[in-house]
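S.K.: Please take these sequences and the hints and turn them into a complete structure.
Residue numbers (our numbering): 1 to 369.
The hints are simulated quantities; they were obtained by calculation from the structure and are not laboratory data. Be careful, since some hints might not be right.
As the list claims (entries may be wrong) - Dumping the calculated DSSO-like pairs for lysine-lysine here, alpha-carbon to alpha-carbon at most 27 Å:
hint : residue 1 : residue 2
1    : K259      : K211
2    : K331      : K343
3    : K114      : K211
4    : K259      : K342
5    : K342      : K331
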Amino acid sequence: LETSPQSLLSAEGTSAVAPTEAQPAVAASSTETAVAPAQPTEVAVIASEPHSTQAPVTGTSVSTSNHQISAMSNTTANAITPSQPVQASGGDIIYVIGTLGYDFGGEARRDSFKQLMPPYQIEGTQVPANPYDARQMVDYLQANLSEAKSLIWTLNMELTPIYALEPSGSFARDVYAAFQELLSGEVQAEDSEQYIERVSIPGRLTGRTVKLFSGQVVPVVEPVSPRGIYGWRVNTLVSSALEAVRGQQAEANDEQMRKSLSSFLNRVYYDLRNLGQTSQDRALNFAATNAFQAAQTFSEAVAAGMELDSIVVQRSPFCRMDSDCWDVQLKFFDPENNRRAKKVFRFTIDVSDLIPVTLGEVRSWSSPY
1 LETSPQSLLS AEGTSAVAPT EAQPAVAASS TETAVAPAQP TEVAVIASEP
51 HSTQAPVTGT SVSTSNHQIS AMSNTTANAI TPSQPVQASG GDIIYVIGTL
101 GYDFGGEARR DSFKQLMPPY QIEGTQVPAN PYDARQMVDY LQANLSEAKS
151 LIWTLNMELT PIYALEPSGS FARDVYAAFQ ELLSGEVQAE DSEQYIERVS
201 IPGRLTGRTV KLFSGQVVPV VEPVSPRGIY GWRVNTLVSS ALEAVRGQQA
251 EANDEQMRKS LSSFLNRVYY DLRNLGQTSQ DRALNFAATN AFQAAQTFSE
301 AVAAGMELDS IVVQRSPFCR MDSDCWDVQL KFFDPENNRR AKKVFRFTID
351 VSDLIPVTLG EVRSWSSPY
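M.R.: Printed below as a string of structure tokens:
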């Protein structure tokens, strides 16, 4: 029994292409169907009757073909939407305190800077260019700000890089200019008014990592804009904070206030250091950077001869809509009389935005413990 090309029907009801050579088919009744080997994605129906070379298509065979078409789906893997992206999800905001640094990532990038940087003058003596000398790098970037993008900017904590800073977007050049200015302050003498001891960086985690020259792999943070990037000149910061509260607390001792405020900053920098990713850490870091708020808190306690005891961050019992509010409590004690009640100062910080903000006024009360 031989079948003609007209007896092959494709899945969409059109005639399928017959093979080049006719092959014998097994005789079957008019109700039996078979799949033609013409194309893998097509379903063909062969309807034949005994002793007939060309059988008409019956209604039964057509309905059977439609049933087989609905049962076979032509969905490919490209059409499937994954429930989660392959890459780690980014977008988590951070607010971290540390020191600014830079890295080259490899020997070729380091050597390119060494060849492009001019010789450096130190007290009238010309020395070869050294890309590891931050003073030389500051002067080179000041004249060639576009070269800042070729560096891997890092945020360090105790000389250990914890983040790689990678500005992008419309304000990338402004952020690189801010980095150059901050690096210029870090290389100043420690007794200089322009000396920058710490920087605070708000940004978003990108979900990517970068490998440094040492082989260490650190996550990449994207600073959105220069807004919120601060360099803290501790030598002038304490003086400015004292000026802000001198009118309210005239009886406060300036030297004692300066010592207490410096102790508070060092306590956060060294004792309570963190990565600035959780809401509690961002609230604590912003409390340290907002030294004017801290100075108003210290003025009353320091005037009474008290010193900082502890810093506690707790979730605020109530908050405005779509906000993330945390209460920062600073507890002071009297070092000369341990039976004296401790003084607690509290102020609320909203960390829902990229840059935290304080809410309300500073509240205080006495506590026996």
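S.K.: All the hints need checking, so say for each whether the structure fits it.
M.R.: Tested hints:
About 40 Å separates the Cα atoms of K259 and K211, which puts this hinted pair outside 27 Å; it is violated. Annotation: proposed proximity of K331 to K343 holds, straight-line Cα distance about 6 Å (limit 27 Å). In summary, the hint linking K114 to K211 is supported, as the alpha carbons are separated by about 21 Å, within the 27 Å threshold. For the hint pairing K259 with K342, the CA-to-CA distance comes to about 19 Å; that is within 27 Å, so the pair holds.
In summary, the hint linking K342 to K331 is supported, as the alpha carbons are separated by about 7 Å, within the 27 Å threshold.
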